[in-house]
Amino acid sequence: MAEFERHSYDVVVIGAGGAGLRSAIAAHEAGARTAVVCKSLLGKAHTVMAEGGAAAAMGNLWPEDNWKVHFRDTMRGGKMLNHWRMAQLHAQEAPDRVLELETWGALFDRTPDGLISQRDFGGHRYARLAHVGDRTGLEMIRTLQQRAVALGIDVYMECTVTELLKDGDRISGAFAYWRESGRFLVFEAPAVILATGGIGKSYQVTSNSWEYTGDGHALAIRAGASLINMEFVQFHPTGMVWPLSVRGLLVTESVRGDGGILKNSEGERFMFNYIPEFFKAETADTVEEADGWYEDKKNNRRPPELLPRDEVARAINSEIKAGRGSPHGGVFLDIASRRTPDYIKRRLPSMYHQFKELAGVDITKEQMEIGPTCHYVMGGVEVDPDTGMSKIDGLFAAGEVSGGMHGSNRLGGNSLSDLLVFGKRCGDGAADYAAKVASARPTIDDTAVETASETALLPFSDSGSENPYTVQKDLQETMQSLVGIIRRENELQESLTKLQELKKRLPQVAVEGNRQYNPGWHLALDLHNMLAVSECIATAALERTESRGGHTREDHPGASDDWAKLNLVLTMGDDGDVVLARQSLPQMPDELIELIETQS
Amino acid sequence: MGYDLAMRVWRGDVDGGELKDFTVPVDEGEVVLDAIHRLQATQAGDLAVRWNCKAGKCGSCSAEVNGRPQLMCMTRLSDYEPTETLTVTPLRAFPIIRDLVTDVSYNYEKARELPAFAPAEPDADGKRRMMQADVERGQEFRKCIECFLCQNTCHVIRDHEENKPAFAGPRFFLRYAELDMHPLDTNDRRKLAQDAAGLGMCNITKCCSEVCPEGIKITDNAIIPMKERVADRKYDPLVWLGSKIRRRTDERTEL
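So the protein lines, in turn, are chains V and D.
Here the first sequence stands for residues 0 to 599, where the numbers follow numbering that gives the first Met the number 0.
Here the second sequence stands for residues 0 to 254, where the numbers follow numbering that gives the first Met the number 0.
Please note that the accuracy of each hint is not assured.
Unchecked claim - Below, a list of computed lysine to any residue pairs in the SDA-like style, where the Cα atoms sit at most 25 Å apart:
#1 D:LYS216 <-> V:GLU356
#2 V:LYS472 <-> D:ASP3
#3 V:LYS503 <-> V:GLU493
#4 V:LYS344 <-> D:SER208
Hints listed in this document are in silico derivations from the structure and should not be mistaken for laboratory results.
Input sequences plus hints: build the corresponding full structure.
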């Protein structure tokens with residue numbers, strides 16, 4: 000067989016966003032020989048686009064805040080479908096993980112006392128998000144990147160993993176190609192951490208970058224691991240809608256956290272009409288109370304604009320459908336009439352810049368036009384909460400690619416903290432596992448390597464004439480129109496038929512040019528992952544006959560008590576088709592149930 | 000309204016290449032990267048280009064548009080006449096990999112040479128206190144998205160490959176300045192900035208500041224203050240005496 004470049008490590012991390020870098024730092028510090036493999040240059044991962052902040056109950060502004068309140072908010076935001084243990088660990092450990100970033104050089108915005116400042120966000124009872132203006136993700140990734148570089152961790156940039164390798168039932172490494180040269184390489188490692196982020200590129204309108212092709216989800220399910228909660232996809236309420244060039248681009252929730260409100264074409268502040276029963280007790284029902292809340296949280300309830308994202312996105316969708324939308328098919332987000340230009344520019348510099356440069360809109364003077372955009376997948380690899388290990392020995396997952404933490408809907412700000420908390424836990428877990436198997440390391444199966452290389456080169460054979468960009472476009476249209484924010488049984492069935500047709504076109508995908516830095520080829524390979532993940536989403540969405548969080552069924556409105564106890568679990572059968580099973584939610588301990596009930 | 004855009008795009012690799020002519024249909028409100036993407040999807044599937052966020056936040060899609068270093072995702076087509084031909088070429092200061100993609104590893108090597116942040120001990124409650132006014136200077140520099148347009152533009156290295164080993168470039172002067180001005184850092188990086196990073200080779204022509212898509216005042220707020228601090232250290236007789244009798248004159252450790 001062909002000889003490929005080979006590298007041996009204890010832990011290989013796939014992905015260099017917040018979760019990947021944090022887990023690599025943890026694994027390295029735990030003594031494991033660690034490498035990071037990432038599709039882009041270091042520092043460009045999707046975390047860089049996170050804007051609002053990292054949620055952590057540090058109590059710097061509101062001493063009443065603590066992990067118990069954060070835990071409760073997270074569980075209720077996820078409509079109680081979250082894995083309780085993940086939500087607990089997350090709420091408990093987030094403050095330490097954020098403080099640690101400061102030790103590594105992060106410069107968060109400060110309170111008047113010189114502590115890390117915290118900002119209001121949807122679904123959070125207190126101002127809780129550590130932030131740097133509206134570019135918190137950039138600060139986080141730069142801090143972690145600089146830390147990883149200082150520790151001397153090996154980074155394989157612009158290198159894409161296409162297959163995980165196994166020795167029997169356990170992980171033995173990964174197969175990858177260098178994007179620059181197109182040459183293959185093999186990583187030998189007993190532990191692999193997936194930190195590949197999300198799936199948004201399967202949709203037409205998304206805030207996600209090209210990298211979000213569900214690589215980790217697909218690698219995991221192909222390697223025999225299970226995915227849970229895949230029916231839950233978060234549509235962020237506020238994406239840009241105009242010009243078309245930037246449709247879907249994120250407009251941070253901080254705009255609402257800092258005082259922005261939503262209006263329809265009639266100038267009505269419509270969110271008061273969409274307060275669900277579940278959140279009535281904690282949501283303001285008058286303009287006076289809502290506006291009073293920013294300064295006085297004790298005597299006022301939260302404005303309805305700061306309901307969890309699923310609620311706000313659905314409300315916007317309804318307004319547009321009812322014919323009360325903005326000229327370009329969104330609604331209006333207004334902060335200009337509510338805050339001074341100085342305040343807006345200081346708190347939301349990136350948003351000011353983004354609208355000014357890309358839409359010619361001055362947000363200190365004019366309203367923004369916004370609409371829902373595919374933003375985040377709650378579903379992901381089913382993992383052990385404490386160590387991040389999947390059902391497959393040696394395979395770990397952290398961050399967006401893992402499932403369970405956010406239940407059916409993620410609260411804003413809980414993603415950056417999720418990356419840190421479970422990144423560290425995963426790094427520790429993987430290093431620990433690698434040390435345990437050090438005396439009997441798994442070995443690489445040369446046949447599997449050979450197969451992986453042949454599969455990767457298929458688009459160069461003369462087997463067909465499908466353009467990968469066209470297949471991607473067709474996939475995006477299918478997911479957008481049939482498995483979008485509002486779902487129906489017949490459309491979901493139709494989507495599955497269409498996905499099967501797309502699957503049949505995959506072997507016909509052909510690319511021009513050679514193996515050197517060839518985006519057409521890279522996309523042809525990514526398409527396999529995008530399709531596998533799309534099938535998982537559509538299959539689970541068809542099965543769950545209720546509406547909850549990021550899954551809304553027009554034909555089954557409202558949440559059901561039976562479904563409240565169930566997770567949907569997906570695995571892959573021998574024929575490559577997705578297999579679905581129902582699984583009971585893990586039982587929450589009484590003392591945590593009490594936390595949720597006593598404070599509501 | 001949409002129109003047909005005339006483009007010339009550099010295509011080739013390390014062995015050479017040339018500008019190729021294309022006609023690309025474009026729409027209202029689009030940016031140069033949209034046109035490049037359409038070109039890729041319909042006419043040149045293997046056109047090599049780096050991009051990630053398409054929102055001016057990641058700094059991946061740096062190129063030269065009609066000779067000017069820019070982020071393609073933030074360059075609106077409406078800035079040009081519809082009749083104008085847009086010429087898109089790769090960054091000139093870095094070696095070509097393919098088409099619009101260059102080898103920017105120089106920047107990652109320079110990043111590795113930089114001593115890490117070394118904070119003072121936290122307060123008794125485990126927290127660290129810094130005032131907003133004191134972190135703001137550093138925050139300006141940390142807006143850097145590492146697009147390397149400043150590095151590409153800096154004439155010390157743009158046409159002088161031989162200067163690269165001794166010169167870290169504007170992006171890293173920014174980083175030295177950020178750490179030097181960090182309220183909690185305990186290292187003194189002035190000597191290192193001057194000697195190893197080649198701060199002295201910069202003659203403040205401000206080209207870097209002009210191309211910064213984040214509007215960071217690299218020269219005024221980072222490089223010039225750094226140069227002044229280096230000069231203070233070098234020519235202050237007390238500091239000179241202090242360094243001779245091996246006593247630290249402030250609490251920072253020299254690197």
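Against the structure, the hints come out as follows:
Straight-line distance between C-alpha atoms of LYS216 (chain D) and GLU356 (chain V) comes to about 19 Å, which keeps the hinted pair within the 25 Å bound. Only pairs whose Cα atoms come within 25 Å are accepted, and LYS472 (chain V) paired with ASP3 (chain D) is accepted, the gap being roughly 22 Å. Restraint check for LYS503 (chain V) and GLU493 (chain V): satisfied, since their Cα atoms lie roughly 16 Å apart, inside the 25 Å limit. Restraint check: the Cα-Cα separation between LYS344 (chain V) and SER208 (chain D) comes to about 21 Å, which is no more than 25 Å; the hinted pair holds.
In summary, this structure violates none of the numbered hints.
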